[in-house]
Amino acid sequence: MTQRLKLSVLRHGPLLTTITIFLMAYIIGSQLYPAMQRPQAFFNLFINNGFLLIVGIGMTFVIITGGIDLSVGGVLALTTAASAALLKLGVSAAVVIPLMLVMGTAIGLGLGSIIHFFKVQPFIVTLMGLFFARGLAYIISLTSVTITDPFYKYLALTPIHIPFFAKAYVYIPTLVGPLLLLVAIHLAYFTRFGRIMYAIGNNEQSAGLMGFPVGRTKIMVYAFSGFCSALAGIVFSISLLAGYGQFATGVELDVIAAVVMGGTLLTGGVGNVIGTLFGILIEGTIISILQYNGTLSSWWTRICVGVLTLIFIGIQSIFARRKKDL
Amino acid sequence: MNYKASFKRIRESRLFWVLTAWAVILGFNALFIPEFFRINIQDGHLYGNLIDVLNNGAPLMLVAIGMTLVIATGGIDLSVGAVMAISAAMGAVLINPAPTDKLVSNEILTRNATNTPLAIIVLATLAAGMLCGLWNGLLVSRAKIQPLVATLILMVAGRGIAQLITNGQIITIYYTPYFWFGNGYILGLPVSIYIVAAVAIITWIGVRKTPIGLFIEAVGINPKATYYSGISAKNIQLLAYTFSGFCSALAGLILSSYVHSADGNNNGLNYELDAILAVVMGGTMLSGGRFSLLASVIGAMVIWTFTLSMYALGVPANALLAGRAVLVLLVILLYSDRRLIKRRSKSADHQNKPDVMTSDEKLDLPRP
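Each protein sequence line maps, in turn, to chains U and W. Okay, so the first sequence: first residue is 1 according to my numbering, each after it adds one. Okay, so the second sequence: first residue is 1001 according to my numbering, each after it adds one.
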């Protein structure tokens, strides 16, 4: 019994650590700054970091298969720039949004195909994808383009009141992340696709020998990540009502950090999307605390995220070692 | 037959492809931008686009030298651009130790003087970069974090550190002796190119006349076998990353001296892409192993020839990013494609062989 308990704690160790750290950070933050005790402060985490959650879900899948996707920030920025430019030309939002999603998926599909068919390391291919997408965004426009489309404005400015919390509200695009999370949970744990994903991450060769469609699944995972980045780009451009090639610089690390904090091993095969949600909530809480503090500058968030990533990679290696010992 | 064999030797040389690429770009320029080759003499210095290639390309050549050694050990250093920003910030702050939250009068900030001796400024700048490299090296060799992730942390957090040093401001440098590194001339040629030559020659002696080069290649090909043969793979990795930090710091010094300022956000922006491009064009495999310093330096020169040619044609700098990214991919695919063809011909020889990898092919697999 104790052995089983020990095993299950170890199995969910990283996730439990993440949730504990999130709760601790939030409680400490709300003790320091009473404004954080309001329910709205909690929902703001989702409003401000919704796009990170969306990117994080795609990234989690990629990392579970043992790869990495550094192109997310570029695809996100390209989506904002391209959609802003298209909306400015008078193209309907009903055309722009699906078009952007197709574009993101296509970029992911292309990167995944190169990774699979040419056997190039994922990071180098996706790093090139990052620079390629950012370069394209700059070709579209060298400056920030504002969005005046009425549908985007409607989405950006309509609050949705949350039941049971009188004054709390979120916006329509905020719901995209949590909904996608439900889809991702279904994909990862209740479909064949999800199981093959984990199998590839654990041992690609055995997965291939067992007859799983390794190549197809890997390419699909990168395409899904591209889709998520484009979706995040749409959410991002709605919340800012602008598009620019320089948006979301360095978002790769934020997302990888969140995924790592959520207990997904960078070596692949182990991980969960729920953890990624809490990883992003931790980052959001830190940013909130820094904002409530007011005297610390924004670059501290970059340094904090870097330090957190390191700490969690350390925690991961401890858990991995313990598991081996058992 | 003999002719064919010697051609094959030339074609398989690491320098062949990069020199071909350079020739293609220069040929294009000769046809469409003839003024690219004009060199004037003003005040005893040479001026012209070709001299600019040497001067502007010097930081990239330095970064590429460091990156070559890191990639040869099977790693990667994504933090080079951020390290450049950190060292530039370090130098600028030491020259003008002013930026804090309180306002400083313009006269103090813009005067052509400093309280710190130039030698100490240079040494501190280099030390800051080497410290960053040492940090990367410790994470990779001792903490066993994948090089990609370890250096990604500094790639993003490093820009935060650079802004922390300059307090988020772009510091303009007014101290003229500092400009010598980026703008000075010796015998008509830019100082920066002499620095590159010195570093390249010292590095070449270090890796080719001592066993270090061999050790680096051994670590890149098979770290475990290297360990069993009694070489400390950890220390070799540590050395490579520290050296890369040193090269980036020197590059940051030259760059900040050239542009007369330190900007935490934009110093050394996208240098990681260009450095990887230079190294890959130079024929060094990203999976580690054999490398060529000269080919990487020429690769950096090709990139700057290409960049300045595009500027001459009026292409904006940011838009070039997409073009360069496509270029890197093509170069990488060129190499992996050749491997693909080899593998196909191999499996054609063994028609009945089951689709299982041979140990030979396993070596080709990317390392995590």
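Any given hint could turn out to be false.
To be verified - With a cut-off of at most 25 Å between alpha-carbon atoms, the simulated DMTMM-like pairs for lysine to aspartate or glutamate come out as follows:
1) U:K119 - U:E204
2) W:K1144 - W:E1217
3) W:K1144 - U:E204
4) W:K1008 - W:E1035
5) U:K119 - W:E1217
6) W:K1209 - W:E1035
7) W:K1224 - U:E204
What the hints assert, rightly or not - Here are the in silico distance ranges between beta carbons for each label pair:
8) U:Q31 - W:V1326: 24 to 32 Å
9) W:N1235 - U:I318: 23 to 31 Å
10) U:I311 - W:P1034: 56 to 64 Å
Hints listed in this document are in silico derivations from the structure and should not be mistaken for laboratory results. C-beta atoms are modelled at their ideal positions from N, C-alpha and C, and glycine is treated no differently.
Hints, one by one, checked against the model:
Only pairs whose Cα atoms come within 25 Å are accepted, and U:K119 paired with U:E204 is accepted, the gap being roughly 13 Å. Annotation: proposed proximity of W:K1144 to W:E1217 holds, straight-line Cα distance about 19 Å (limit 25 Å). Among the hinted pairs, W:K1144 with U:E204 is consistent with the structure: their alpha-carbon atoms are about 22 Å apart, no more than 25 Å. For a cut-off of 25 Å, the pair hint linking W:K1008 to W:E1035 is broken: about 36 Å separates their Cα positions.
Between the alpha carbons of U:K119 and W:E1217 the distance comes to roughly 22 Å, so the proposed pair stays at or under 25 Å and holds. Of the supplied pair hints, the one linking W:K1209 and W:E1035 is violated, its CA atoms being roughly 42 Å apart against a limit of 25 Å. Between the alpha carbons of W:K1224 and U:E204 the distance comes to roughly 22 Å, so the proposed pair stays at or under 25 Å and holds. Under the hint 24 to 32 Å, the C-beta atoms of U:Q31 and W:V1326, about 52 Å apart, miss the expected range.
Between W:N1235 and U:I318 the Cβ separation comes to about 25 Å, which falls inside the hinted range of 23 to 31 Å. A C-beta distance of roughly 58 Å is found between U:I311 and W:P1034, which places it inside the suggested range of 56 to 64 Å.
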